Amino acid sequence: MTYSSSLSMNRSRYVPRNQNTVSFRPSVHALGPVSNTIILIVLACLLGLLYLTQVTKTNAYGYQINGLQQRQAQLKSEHDDLEVASARLQSLARVQDSSVAKGLVSVAPSDSLQN
Amino acid sequence: MALPNTHTPIKAVSRVRLGYGVLLVIIAIFGVRLFYVQVIRYNHYKTAALSDQLKQYEIPATRGVIKASDNGQLVPIVLNQKLYTLYGDPSYIKNLDKTANQLSAITGGTATKYAALLKTKDTRYVVLAKKLTPEQKDKIIKLKLPGIGTVAQDYRTYPQGTLAAQILGFVDDGGTGRYGLEEYFNKQLTGTPGSLKAITDINGIPLASSPSNTEVPAKKGDDIVTTLDLAMQQQVETTLKKGVEQSKASGGSAVIFDPKTGAVKAMANYPSYDPSQYFNVDNAQLFQNAAVSQPIEVGSTMKTLTTAAALDQGVITPNTTYYDPSHWTVDQFNITNIEEDGGAGTKSIADILNLSLNTGATWELMQMGGGQINLKARTAWYDYMTNHYRLGKATGIEQGYEADGYIPTPKDNGAGINLTYANTAFGQALTATPIQMAAALGAVVNGGTYYQPTLIAQTIDSSGKVSNRAPKVLEKNAVSPAVTQAILPILDYVVQKHNFYPGFDHSKYLVGGKTGTAQIAKPGGGYYDELFNGTYAGVVGGDSAQYVIVVFIEKPTNAGYAGTAAAQPVFGSIAHMLIDESLVTPKTH
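Chains as they are written, first to last, in the working numbering: chain A, 783 to 897; chain B, 477 to 1065.
One or more hints might be untrue.
Computed far set for chain A versus chain B, every beta-carbon distance over 10 Å [said to hold, decoys possible]:
| id | residue |
| --- | --- |
| 1 | A812 |
| 2 | V816 |
| 3 | I821 |
| 4 | V824 |
| 5 | C827 |
| 6 | I847 |
| 7 | R870 |
| 8 | K884 |
| 9 | V887 |
The list that follows gives simulated cross-link-like pairs (lysine-lysine, DSS-like), each with its CA atoms no further than 25 Å apart [unchecked claim]:
| id | chain 1 | residue 1 | chain 2 | residue 2 |
| --- | --- | --- | --- | --- |
| 10 | B | K673 | B | K696 |
| 11 | A | K858 | B | K998 |
| 12 | B | K696 | B | K663 |
| 13 | B | K574 | B | K531 |
| 14 | B | K606 | B | K618 |
| 15 | B | K597 | A | K858 |
| 16 | B | K718 | A | K858 |
| 17 | A | K884 | B | K606 |
| 18 | B | K574 | B | K558 |
| 19 | B | K1031 | A | K858 |
| 20 | A | K858 | B | K869 |
| 21 | B | K717 | A | K884 |
| 22 | B | K574 | A | K858 |
| 23 | A | K858 | B | K736 |
| 24 | B | K695 | B | K673 |
| 25 | A | K839 | B | K531 |
| 26 | B | K952 | B | K973 |
| 27 | B | K607 | B | K595 |
| 28 | A | K839 | B | K673 |
| 29 | B | K736 | B | K531 |
| 30 | B | K597 | B | K574 |
| 31 | B | K695 | B | K869 |
| 32 | A | K858 | B | K663 |
So the derived list for chain B, only partly shown, Cβ under 10 Å to chain A, looks like this [unchecked claim]:
| id | residue |
| --- | --- |
| 33 | V501 |
| 34 | A504 |
| 35 | I505 |
| 36 | I553 |
| 37 | Y634 |
| 38 | T812 |
It should be emphasised that the hints constitute simulated quantities derived from the structure, not laboratory data.
Computed from a predicted model, the values in this text were never measured in an experiment.
The beta carbon of each residue, even a glycine, is placed where N, CA and C say it ideally should be.
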């Protein structure tokens, strides 16, 4: 196909014979209602997806927080147990019954305190 | 020749419009349905959804701990510990004997008992064991026994064992403080539970994305710091136990009281109990702190207060002497002395306390009435007992229950009120608790200020804010400072004249006191002939009184007068303990 023939074909498609070549159609093509609807649906889906992603992410953090809280509670419980054990080990009765205490000699009140 | 184009633009547009219309109809159907579900049936579906998803939890508040002083450091005497309750659901148990044996091997319980409990009908929850340790719980969970589970529960634990049990009280299974400090401060110790309202997943874990989640954190209960000194408490308990056993008594109480602040440094009763095993105690009387809840006729220890009242009124002086006939007849009854030294003759004020003269105390009461026991004497003495010494009313010490004691009113009731009042002068016909006596004697020996006895030094709230409890003055002029200056040497003299093994160095330390041997009232009236209570109320200090010590020994059966043979040795041991451990500042001059 030569350049002129192609030009001719083009002309024949868009500018038919005996037709005014002046066109008042806008140069920018507007989308039709179907396209608009589809685009809106797609956008809504995207927004929904975005929302779901964020919610899932937040909930995942929630599980992480829950796990950390459980760990914190466990550590606090262990701390409490250790505090109890420490207090028991330092109790007067235990110190009194210890081998070190049993090895000590009982001291009577000194002479200076007696009549 | 080209075929005619049947697909005209008009037909294409029609199809699109048709499709568009169908789509609109479908959307409209969905819209209507959604409107129905989301708007019209909104409440129904919301309720249905929330019933599954919305969970509301109570966040339990941690109960505050109780502390005491040990050589200047605060140490916990009551703590919380998470332990586990083992339960079973009989309807799920498959192999009964095997399950019971496996459990007993871990808990140390009896397999037959577990088997019997797991056979229980008409219930799906039986408690098999309590207070299991985390290790025991883990072992049981690993067994994966059907119908067997554990539930965590906070329990009070007592690192010092039975120390100060009756002061502390205990917390029952429902989490309520019973007796002692636990009951008195139950609300303060309990704290405020929090709450969590949240949309949760199927496992009950809150979903963080829910905007309607609300969490109110629990507020921990206040910590309480007592005035108790652990070392003193331990030794007073040991000494009291030894004293009760040696005097073959049925029980006893002892108190160390700081007369300058009202702080109770030690308070012991014997017998006592283990607060961690409170559910094994058969005798509920053991739960009571007898030093504040059991009023007794205090006997001759009262003579110190009678003498101080007479001195304060100016009806006698420390140097006054009088002729003691060795008996008085009041309301046709004879008042005599029970000790051998109470013969007729000229006596001094110091003799009244040293020889424990009932007639001397009665004579002091007479002086309050101008020479005889009359309404004036009774009213004056009643005023001292109830207002100056605050007997006959609870001191307000922080214990679950405190007794008022009893002081007879001075009005003539036609039933020998003068005899009754003569008896009160030497500690009979009235009742008071050891803590009331300690506080009253404290006021007499500290210059005349009655401090409310207290077991609390500080409270610490959940934010860590410390509130110190300031000493609380209930009576500023119980007696004049001159009375204190007069009474202390007399009390010191009394101790010097009595046998203590070993004795005290009175040049360095003030050690004074007075015995009491009180007859015990019969329920129907009158007194037992052979039953006595022994009491001792004394002071230890240097230039001034630093500690008031009150000892009560119930129904001792060893030889000698109850006050001298049973209570006095306990006082002596406690006084020595305070001096030997450098807890008393010696005299400077």
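* Non-interface claim for I847 (chain A) versus chain B (Cβ beyond 10 Å) -> Violated, since 6 Å does not exceed 10 Å.
* To do: Decide if the proposed pair is consistent with the structure: K839 (chain A) and K673 (chain B), CA atoms, cutoff 25 Å inclusive.
  => Holds, at about 21 Å.
* Since V824 (chain A) was said not to touch the interface, does its Cβ keep a gap of more than 10 Å from each Cβ of chain B? -> holds, 15 Å
* Pair hint outcome, K695 (chain B) versus K869 (chain B) [Cα-Cα no greater than 25 Å] -> Measuring from Cα to Cα gives roughly 35 Å; hence the hint is violated.
* Asked: When you check the alpha-carbon spacing of K952 (chain B) and K973 (chain B), does it fall within 25 Å?
  -> violated, 32 Å
* **Holds or violated: K597 (chain B) to K858 (chain A), with C-alpha atoms at most 25 Å apart** => With Cα atoms ~39 Å apart, K597 (chain B) and K858 (chain A) exceed 25 Å; violated.
* Asked: Against chain B, does I821 (chain A) keep a CB gap of more than 10 Å to every residue?
  -> Label holds. Min Cβ-Cβ 14 Å, cutoff 10 Å.
* Asked: At a threshold of 10 Å, is the proposed contact between A504 (chain B) and chain A supported by beta-carbon distances?
  -> Where the cut-off is 10 Å and the nearest Cβ of chain A is about 13 Å from A504 (chain B), the hint is violated.
* Asked: Going straight from one Cα to the other, do K718 (chain B) and K858 (chain A) come out at no more than 25 Å?
  -> Since the Cα atoms of K718 (chain B) and K858 (chain A) sit roughly 41 Å apart, the hinted pair is violated (cutoff 25 Å).
* When you check the alpha-carbon spacing of K884 (chain A) and K606 (chain B), does it fall within 25 Å? -> violated, 35 Å
* Take the C-alpha atoms of K858 (chain A) and K663 (chain B), compute the straight-line distance between them, and say whether it is at most 25 Å. => Given pair K858 (chain A), K663 (chain B) holds - Cα atoms ~24 Å apart, limit 25 Å.
* May I ask you to test the interface hint for Y634 (chain B) with respect to chain A, counting a Cβ-Cβ separation under 10 Å as satisfied? => Where the cut-off is 10 Å and the nearest Cβ of chain A is about 9 Å from Y634 (chain B), the hint holds.
In this structure, the earlier hints numbered 2, 6, 7, 11, 13, 15, 16, 17, 18, 19, 20, 22, 23, 26, 29, 31, 33, 34, 35 and 38 are contradicted, and the remaining ones agree with it.
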